[in-house]
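Single-letter residue listing:
Number of protein chains: 2
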Amino acid sequence: MGSLGPYQRKHKVAVIGSGNWGTAIAKIVAENTAGNPAIFEKDVQMWVFEEKVEIAKDSRHYDPSSPLCQGPQNLTDIVNTVHENVKYLPGITLPDNLHANPSLVDAVKDSTILVFNLPHQFIIKTCEQIKGKILPYARGISCIKGVDVNEEGISLFSETIGKILGIYCGALSGANIASEVAQEKWSESSIAYDPPHFDSKAPSPNRSPSASSENLVQFEHKDVSGQLSRVKLQALPSEFPPVDHAVLKSLFHRPYFHIRVVNDVAGVSLGGALKNVVALAAGWVDGMGWGDNAKAAIMRVGLLEMVKFGEKFFGATIETRTFTEESAGVADLITSCSGGRNFRCAKLSVERKQPIEKVEETELNGQKLQGTLTAVEVNNFLKKQGMEDEFPLLTAVYRVLTGAMSVEDIPSYIER
Amino acid sequence: MGSLGPYQRKHKVAVIGSGNWGTAIAKIVAENTAGNPAIFEKDVQMWVFEEKVEIAKDSRHYDPSSPLCQGPQNLTDIVNTVHENVKYLPGITLPDNLHANPSLVDAVKDSTILVFNLPHQFIIKTCEQIKGKILPYARGISCIKGVDVNEEGISLFSETIGKILGIYCGALSGANIASEVAQEKWSESSIAYDPPHFDSKAPSPNRSPSASSENLVQFEHKDVSGQLSRVKLQALPSEFPPVDHAVLKSLFHRPYFHIRVVNDVAGVSLGGALKNVVALAAGWVDGMGWGDNAKAAIMRVGLLEMVKFGEKFFGATIETRTFTEESAGVADLITSCSGGRNFRCAKLSVERKQPIEKVEETELNGQKLQGTLTAVEVNNFLKKQGMEDEFPLLTAVYRVLTGAMSVEDIPSYIER
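From first to last, the protein sequence lines are chains Y and A. Under my numbering, residues 1 to 416 are what the first sequence spells out, in order. Under my numbering, residues 1 to 416 are what the second sequence spells out, in order.
Think of the hints as simulated: they come from the structure by calculation, not from any bench. Heads up, some of the hints might be wrong.
The list treats identical chains as one, so a pair stands whether inside a single copy or across any two.
To be verified - Once the Cα atoms are required to be at most 25 Å apart in a straight line, the calculated BS3-like pairs of lysine-lysine come out as:
#1 K384 - K109
#2 K383 - K312
#3 K308 - K249
#4 K353 - K185
#5 K249 - K353
#6 K87 - K163
#7 K185 - K131
#8 K109 - K131
#9 K10 - K57
#10 K249 - K383
#11 K133 - K10
#12 K384 - K57
#13 K125 - K308
#14 K131 - K384
#15 K57 - K109
#16 K249 - K384
The model shown is predicted, which means the values in this text are computed figures rather than measured ones.
Chain Y with its partners taken away, still in its complex shape (with noise of 0.2 Å):
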């Protein structure tokens, strides 16, 4: 890595939104961009949402002499000074290169690269605001995990974002705590990115880079519910080394945070929906103390019906080996069946006895579970489309949140 041929311009690239998934992500990209200054250029931009913050008293940065500890200041100015993350993820040191900006459209400016990291109920109006202010030719990689299903059908975040945009974007997706990532405790994670060929094509001397820059390719582009669209792509200008799964490894990829990259959008984005459903199940039934072998057993048939629901819905776009063998599959639904917050949720709440909603009011501080949403959800499409009894697990867990049924009745109920 570090030189992938001569190109005469680089890669900038920007980071949108600094939770502590986003904020552990952009730590990441600047290690990297900074490691390997052949492809990129060594600034990275992070966009985040001003808000006033104050160093706490037990923070290694409070200094009551620092004019930073005299009340509360901006966020990004704490960030951009002590190189920290003081309010999303304190205790971590953030790179030198990593720039922290409270103005969405400048961070993105003249980036080819966008990192979009942040909750999935802004990811429209955040691109509406940088819709036409972005290079042409930019390509981005989406970390907002799931997808998004209705009874209509099932679309992908990253799909949202590369439709509004006008831009071809990926996603990254995988076993993956932000917390321990920030602290560099070994981990993967999958990356699927898999855009219209001419992006990865070496860059012909006879394409001058102005002629390349306007070059707009048509293709047809089928989405995960079948509907076929004319997308009209950009190609990116041949001065820059193209952006191809070599290089998004060099953008991600640390000794830390082992990165696979495939092709398979649907796949990395479907794991990381349909897990937390799973999760839920597992949750109960270690409630319950039925034990490991029980679990292991709800994992097993978890995995089964999410590469059945790939198979169904997703077609010949799918790889049945992303969900068997990619960090986004089986080790991410392992790693939220171990101790994920539906998981532990779940659990309490047979132990409790309580409904779940009532274990999620006292345990996440106002914060929403996902495997409950996204269980309802799933439910309304699959009776929608008459498939409720082919898959069973799913179906189980809707009905266990709704009272229809009891955590006893699902070992019996998954059997048919």
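With the hints as your guide, set chain A onto chain Y.
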């Protein structure tokens, strides 16, 4: 279930072995023979290696006035009187139709289905003792976990049994902890059974029972090392229900013990061996405090290498899906990496900074870890094939065991 057609004769079932897993399986089998009177004779023989046992004072069966409690008694007498294996599966009531038999030859006499469930070091000796004394058309199921790996190749315990006895033998393996299964906590298991086709044919009205009981069918069998041999197998007389997947499911499936029957004997057996090696790595990583992400990464890589091992060395005889979809594959791997003894000892060895042999001594009461033995055997085999590099996790486990590598080096070693 319960009615598979009007056959004149029923299957008689014997269980060979009565440790905790042997007794738990015998309990299941006896429950099912009682529940399926159209297919099975009710009474099940369980061979018990006879020993003198005293009923403990805290046992629910202790009664100072009972003759059974006047000093040490035959284990078979105790089992047949109080219907509990007080030594190896205390606290679990066994069905009345399960009979402990101290005579191996008498236990298997006239049985059409033989269930082998004893420590693998006793297989050969036990089979030699009943060779020629069983029905020539009996069928076997081996519940012995793992495979026999050495430098020369890999052999399946089910094949060893089948070869010595001249019968066909399948395998049962899964995410099963004996005590949990005995307590009827819900779990799953896999049976692999793929006999020559004549076994599953419907009985022909033109084939007389006596003729067919003499019927030696010769077929070619390719074992896991690729060696082709001619096997003569005696056809099951047509007055018995054919021993097929449905009959095996009736014999082993319970509401608390869900069975899936597949054809892939090699895959089901191999999973039970390799998962123990992976569990060592999972234990080390957990002992380092690297968290759930890292543990899931080890399990993911382990699953990949199990699939690859199967594909490389078993070729067309193995199904990738066995590893990724069956209880004997991914689910057993998950259970073993959650709390199995290989996992626990490996974890303790890191936490205590002790060699794993030391932990084994203090924690296992004289028993040996299967994973460390298998890791060495598998490495000898891979070395001979010149394929250590293609299985970096399996190789890393061996190197850590021999001190050639430290646990800290595993992530970079398996990154290649």
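Verification of the hints:
no., hint, result
1, K384 - K109, "neither (43 Å within a copy, 57 Å between copies)"
2, K383 - K312, "within (14 Å within a copy, 42 Å between copies)"
3, K308 - K249, "between (29 Å within a copy, 24 Å between copies)"
4, K353 - K185, "between (35 Å within a copy, 20 Å between copies)"
5, K249 - K353, "neither (46 Å within a copy, 35 Å between copies)"
6, K87 - K163, "neither (32 Å within a copy, 68 Å between copies)"
7, K185 - K131, "neither (36 Å within a copy, 56 Å between copies)"
8, K109 - K131, "within (11 Å within a copy, 81 Å between copies)"
9, K10 - K57, "neither (41 Å within a copy, 79 Å between copies)"
10, K249 - K383, "neither (40 Å within a copy, 31 Å between copies)"
11, K133 - K10, "within (19 Å within a copy, 79 Å between copies)"
12, K384 - K57, "neither (54 Å within a copy, 62 Å between copies)"
13, K125 - K308, "neither (33 Å within a copy, 45 Å between copies)"
14, K131 - K384, "neither (34 Å within a copy, 60 Å between copies)"
15, K57 - K109, "neither (36 Å within a copy, 80 Å between copies)"
16, K249 - K384, "neither (40 Å within a copy, 34 Å between copies)"
When held up to the earlier numbered hints, the structure conflicts with 1, 5, 6, 7, 9, 10, 12, 13, 14, 15 and 16 and fits the remainder.
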